[in-house]
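Given chain A, put chain B in place with the hints provided.
There are 2 protein chains.
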Amino acid sequence: MVVSQSPERDKQPQSNFDVDYVIHYTIPPNESAEAEASFTQLITALSAAGFATEVRPGRTPSSLLVFLKLASTSLLHSQIYRARVQDWLYGVRPAAPAASPENPADMDRYFADDEPVTEAERLRLAYMLITRPRNEGGAGVTPKTGHWRFVQSVFPLHDRAFNREWLSEWSKKYYLDEADIGKIRDRMGERVAFYFAFLQSYFAFLLFPAAFGFAAWLVLGPFSTVYALVNCLWAVVFFEHWKMKEVDLAVQWGFQFERESVDPVTGEIVKVYSPYKRLARQLLQVPFAAACVAALGGVIVSCFAIEIFINEVYNGPFKQYLTFLPTVLLTIFNPTLTTLLTRLAERLTEIENYETRDAHQAAFVQKIFVINFITSYLGIFLTAFVYVPFGKILVPYLDVFQFTAQRFTAEGKPLPTKDWKINPNRLTKQVIYFTVTAQIVNFATEVIVPYAKRKIFRTVEKVQTEMSEKSSSGQPKDQPDEASFLKRVRNEAELDEYDVTVDYREMVVQFGYLSLFSVVWPLTACSFLVNNWVEARSDAMKIATNCQRPIPWRADSIGPWLNALGFLAWLGSITSAALVFLFHHGGGHKSGGLDLEGSPWDIRGWALLLSILFAEHLYLLVQIVVRGVIRKLDSPGLLKEKKERFVMRKKLLERMVERDVSAEASGPGISAGEAITREALEEEARRLSVVGEGRPEQLFWQRQRGASETIQVGRALIAEVRIPLWSDAT
Amino acid sequence: MVVSQSPERDKQPQSNFDVDYVIHYTIPPNESAEAEASFTQLITALSAAGFATEVRPGRTPSSLLVFLKLASTSLLHSQIYRARVQDWLYGVRPAAPAASPENPADMDRYFADDEPVTEAERLRLAYMLITRPRNEGGAGVTPKTGHWRFVQSVFPLHDRAFNREWLSEWSKKYYLDEADIGKIRDRMGERVAFYFAFLQSYFAFLLFPAAFGFAAWLVLGPFSTVYALVNCLWAVVFFEHWKMKEVDLAVQWGFQFERESVDPVTGEIVKVYSPYKRLARQLLQVPFAAACVAALGGVIVSCFAIEIFINEVYNGPFKQYLTFLPTVLLTIFNPTLTTLLTRLAERLTEIENYETRDAHQAAFVQKIFVINFITSYLGIFLTAFVYVPFGKILVPYLDVFQFTAQRFTAEGKPLPTKDWKINPNRLTKQVIYFTVTAQIVNFATEVIVPYAKRKIFRTVEKVQTEMSEKSSSGQPKDQPDEASFLKRVRNEAELDEYDVTVDYREMVVQFGYLSLFSVVWPLTACSFLVNNWVEARSDAMKIATNCQRPIPWRADSIGPWLNALGFLAWLGSITSAALVFLFHHGGGHKSGGLDLEGSPWDIRGWALLLSILFAEHLYLLVQIVVRGVIRKLDSPGLLKEKKERFVMRKKLLERMVERDVSAEASGPGISAGEAITREALEEEARRLSVVGEGRPEQLFWQRQRGASETIQVGRALIAEVRIPLWSDAT
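If you're matching them up, the sequences are chains A and B in order. Residue 160 in UniProt numbering sits at position 160 of the first sequence; the count goes up by one each step and never skips. Residue 161 in UniProt numbering sits at position 161 of the second sequence; the count goes up by one each step and never skips.
Here chain A stands alone, though its shape is the one from the complex (with noise of 0.2 Å):
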C-alpha cells in the first residue's frame, strides 16, 4: 500500500510532534537478536532518565527512529534549575537563579516571568539527559560506541517554520544584527550562533578594508607601503576586537567558561592522565608538520615545477595536453594527502588524550591548520619568494623533467624564457584565482555538492526500495496523519551532522589571504565582503537544509581558530613588508627592489631583513596599543555583568552589615572631661604603678584617658609652640 499524503499539509510548515530528539536505530541483518537487546536496554534507560518514548520504522526496514521527549514539565524544569544553580556554583553566571525549588508555584513564576527556558537550553539539557551517564542521572546512552553501536545518531528535528522565516528573514536583509545572532543562539545554541557573530563582525569589519582597498586599486596600485601599513592596522584593530567582542558576547550570553572546572583536581573527571605522558606524545606534532610539509610540500613544489617548465620553458609536442599534467595531479594527490594526513591528525590527537572535547577540538585544529596553510598558501609563497626572485637560476634545473629541451640549456643561462623571468602577474593571477575562483569553486562544493549527491541518492534508494517493494510488503505504512511528518524525519535522519569547523577554517583560511597577500591585489577584500555577505546565507541554508539540526552547545569563544587568526595577522606583517620591498617598482627610492633585469642576487638581503624586521615590530608594537586601546573602551556585555556582579555583592553586603550594625563597638567616645593637668594625669599613672596594678603598656595609655585629654594635652603642647623657642636664641 501505498501512503497517502495530504498535499495541503505539507505546504504550511509542520509541527514537529514535541518530538525533543529522534535516535536513528539500525539494525544489521547478522546481528538483530543482539539489536534487539539492545534496543529493550535503550528504551528501558530512556524512560528511566524521563523520556517518553515512540517507535517508527526507519526509511529501510533494517532501521528504526525512536522518538523522544521529556515527560514532564516538572522534570524539564528541575533539571535545568539544577544546571543554572550549578552554572552559578561554577562561577559561570552571576547570580543564583531567584526561585526556591521547594515552592513549585514560585518556580513556576520563575521560568514563566524571570528565566524562561529557551529552545536551546531545553534541547541541551534534554541531549545531556540522554548522553550523561547513569549514575549522574541519564540514559548513558553513547552511539555508534560499544553496545549502543546500534545506535546511529541522536538528532532534534529541524523547526521547519523557524528555518523557513530565518532563511527568508536573512535573504532579504545586508546586515545582520545582534538581534539575529541572538535567535540563532536560542535555536542551534552558542556554537552556532558563535560562528555566525564572527562571521557578522568580520564582515562588517571588511567594509573598510573593501572600501580603502578599492581606492587603492584605483589610486596607489599594487604593491603599495601606504595599502599594506593600513591592512596590517587593520587585521591587528580586527584581531583585538574580536578578542573583545567573544569576551562580551560570552558574558552577554550569561556563559562565560570557568576552564578549571573541568579539572581532575576537582575529583569530577575519573581519567588521570600524566602531562609529560601526553607532553612526550604532543612532540609528535613535530614529525607531523614534517611530514605535512614533506608530502603535501612535496606535490605542491613538484606540480609547481612541472607547470611553470610545461606552460613557460616546454615547447615541444603534445603541449595543449600536458598542460592539464599538474592540475591533474594535483585534484589527484592532494585530496588523498590531505584525507590522510586529517585521519592522522586526528588519530594523533586522539592518541594525545586530551580530558575535555575542547582540549581535544583544540589540538585538532591546530593540527589540520598546518595541513590548510601549506595547500592554501604555499602556492603562492612559492611565486613569490622562490619562483620571482631566483627563478632565472632555478628555472633552468627544469630540463630535468624534459630530455630533448636539454639542447637550448645546454648553450649556457640565457634561456628563451622572458615570459616567466618578468611575470608578476602570475602571482596577481594566482591571487585572484585564490581569492575570487577558488571561492566560488569552495561556495559550490559546499552547497551545491551535497544538495545533487543527496538527490541522487535518494533516487537511487528509492528505486532499491520500490524494487524490494515489489517483491515483499516491508514497506513502512505509516499512519496518514504522520506520513508527511516521518517521510521528513528519514530525510533527516540521512544528513550530516553540521561542522561548525569546516566553516571556521574556510573564514580563517580567506582572512590569511587577506592579510598575507591583498597587497599584491588590493580588491582582495571587495571579493570577500561580496562572498561574505552569500556566504552567512548559504551557511545557514547548509544547516538547515543540507545538515541535521545540531546539537546545541554551548561555547564562549570560537576556541583555536583565535590563535590561527593572530598568527595569520602577525605573519601578514612580514609577508606584506616583503612583498612590498620586492615587487614595488612605482619610486625610484626603492634601491632594495628587485631588478627584475639583473641578477637575484642584486637583492639587497640585508635592506630586505631590515624592512621584514621593521614591519614586524612595528606590527607588535601596534598590537600592544591596540590591545591598549580596546581594553578600555567599554564592553556592554562585561559591564552588564560587572553591574550584576555588583549589585548580588552589595545586596549580601548590605544585609551582613545591618546585622553587625549592633555588634560594632563605637570605639572610646569624647566626653567633656573635668579639667585636668598633664602633670595630675602622670602623677596618677604613677600612683597606678606604685600599687603595683600596672604594666608598662597599661600605664603609657592611661596617661591620657580619653580622647578628650589626649586634645588638652596636645593643645598644651601646641600653645608652646606659639612662642617659638628658638627666636628667643636670635
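Keep in mind that the hints are not guaranteed to be accurate.
Each pair may be met inside one copy or between any two copies, as identical chains are not told apart.
Here are the simulated EDC-like pairs of lysine to aspartate or glutamate, each with C-alpha atoms no more than 16 Å apart in a straight line [to be verified]:
no. : residue 1 : residue 2
1   : K477      : E720
2   : K632      : E355
3   : K632      : E466
The hints are simulated quantities; they were obtained by calculation from the structure and are not laboratory data.
Same frame as chain A, now just chain B:
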C-alpha cells in the same frame, strides 16, 4: 632636666606599648593656631573611628607624636570579619569566614582557632580605618594634604624583637624557604613579601647560570653561541616560571585581586574620567620618552665620545687630569637629569589621573623604566654596536673636541689609534664594571650612605637642640619608663618610608645585564649570585633599621615589573644574537663576523639581520612552548584553591540535590502492560481522534503508551528484519 635612661632596658628588645600607629604631627610656628584646630579635629576623628589616643612631644618642640591603638578587640574583630566577608564577596577568597557574627563565642573561637589575625592584617586594617573616608567608617586622615597637611606621616612601629631575630636568622642561612617569606608576609604584608619571594626565586634560579656561566667561561670563552642559547632559554624559563609562581603565591596567601572590583561601573568610585582624555594624555609618553632619550642619551653619548677621545685619541698635555672629565660630567649631569625626569614622570602620571593606586604605580614604573633603561644599558649598547663596528669611521669626527689634534687627522683616515680599533676588551671591561663594581657601589649607596647621613644629621640636630635647651626649658621631659621608647619612636619618625619600587628596579636592571650582555662575560651570573645573597640581607637590614616599618599593603604580583622582565628577556635574544655574530671569532665558519682589521662595511648586514631574526623567532617559539609546559605543571597554590572552591561548591550543590530529590519527577515508569498489538493501539488513537479529543501531537505520543509498549512495537519491527527482505530478491 636631662632624661635618665635605664641602660638595662635598652638591651632587651622593648615592647611597643601596644601602639598600632604613630602619627607624626608638625606644628609650623606661624600656623600654630590652625595646627591646634586641626589637631582637635584629628583626635576627634580618630576617636570616632575607634582608636585610643595618646599624645607625646616630638623630638623638636614643633612636632607631636600621636599614638594610636584600636580601642577594643571586638571592634578589631568585627572590622576584620567584615573585610574577610568583603574579600569573599569579591571573589578574593574562596570561602566565607566560618562564623556567625551574632554569636560572640563563635567569633572568639573563629579568631582564636580557625583564622587568627596576623599582625599585617591588623595593621593594614588599622591603617584603612585611619585613612578611609568618614562616610565609610574611617577617620578620613590623609597625610600631607588639605587640612591634614600638619600630619607629616602615619607609620607603624618596628617590632624590635622580630627584626633582631629576622636579621640574625637570615644572616646565618644560605637559602630562604617559604616559611621565611611567610613570616615577612605576616609582619610586613604581601607587598614586601612579594619582593623577597621574587628575590629568592631569582636567587635560586641564578644558581644555574652561575654554574653554567662558570663552565662556559672556562671552556667556551666569551661570545659563545651555546652560552647565548642557554642563557636565553634560562631567561624564558625563569620569566615564565615566575609568572606562574606569582599567581601561585597570590593564591596560597589567600589573596588574588579581582582588578575589576575598583571599576567605576560598580559605583564605588566617584571620580569619573574619560578614557579618551586619559588616552590623549598618555600620548605625552611619546615626547617624554623622546626627551629621556635626547637628554640622558645626549649626556651619555657626549661623555662616551669625550672619554674615547681623551683616552684613545688625545695625547696632549694634561691627559692625566682630563681622563676624569667624562666621569665628572656624568656624575654631575646624570643624577640631576634623572631626578628631573623622574619628577616629570611623576607629574605626567598624575596628569593621566588613574583610578587606582595600582594603575598609577604601573604607569609610573613604565616611565621610570625608560629612564633606567637608558642610564643602565646605553653605554654598553654604544660600545657594542657603535664604537666597535663603526669606530673607524666615527672616531675621526671626534677631533671636534680638540683643535690641536687636527694636524694629524688632516692627513687622512689612518689615525694612530690602534688601541681602540680592536678593543673588544672595552666591552668586557664595561660589562664587568656594571655587573661587579656598580653592584658594590649600589650596595654602599643603599645601606651605608643613608646610615652615615642619618648619624651626621642626628648629631647636628642634637647639637642644635642642646643649644636651644640651654636657652629654654622646651625639651620634652619624658616619663622615665617611656623615655627610651619615645626616643626610639622619635628616631623612627625621622626615617624614610620604604619604597619597594627602588629594590625591584635594582633587581630588574640586574636581570637586564644578565639577559642582554652576559654573553660578553659569562661570569656575570656568579657575581649576581653573590650580590643577591647580600642583597636580600641588606634589604632586610634597610627595612629594619633605615626605614620606617612599611604599611603592610597587599599585592598579588610584582606588578608592572613583570612586563619589564619580559621585555628584557625578549631583547636579550636579539642582543645576544647580535653580540655573538659580531664578536665571535672562534670558528672560521662565522664568515659574517666582524673583521676587526677590515672595514666595518664588511659585516654582512643580511647575515647579521638574519641571525637576529632567527634568534628572536626562536625565542618567541621557545616562549610559547615553555609557557605551555609550565602551565601544565601543577601549581600547589592553585591546586589548593581549586580544591577549596570545589569543596564549597560541592557542599552547596549536595544540599540542593538533597532538597529536590523529592521534587524530582521520576519519569514514566515501565509497567508490564497487558498484551497489546500495534493495530489495537493505533485503533485506539483513531478512536480518540474521532471523538475530537486529540491534537496530532497528542495522538502521536499516545500510539505507544509507556516504555513497555515502545519496546514491544520495536521488537516486532526488529523481528521483521530477522528474515532480511532483500535476501528474497536474490
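Hint check results:
1. K477 with E720: Result: close only across copies, 13 Å inter versus 113 Å intra.
2. K632 with E355: between (35 Å within a copy, 13 Å between copies)
3. K632 with E466: neither (67 Å within a copy, 59 Å between copies)
Going through the hint list in order, the structure does not satisfy hint 3, though it satisfies all others.
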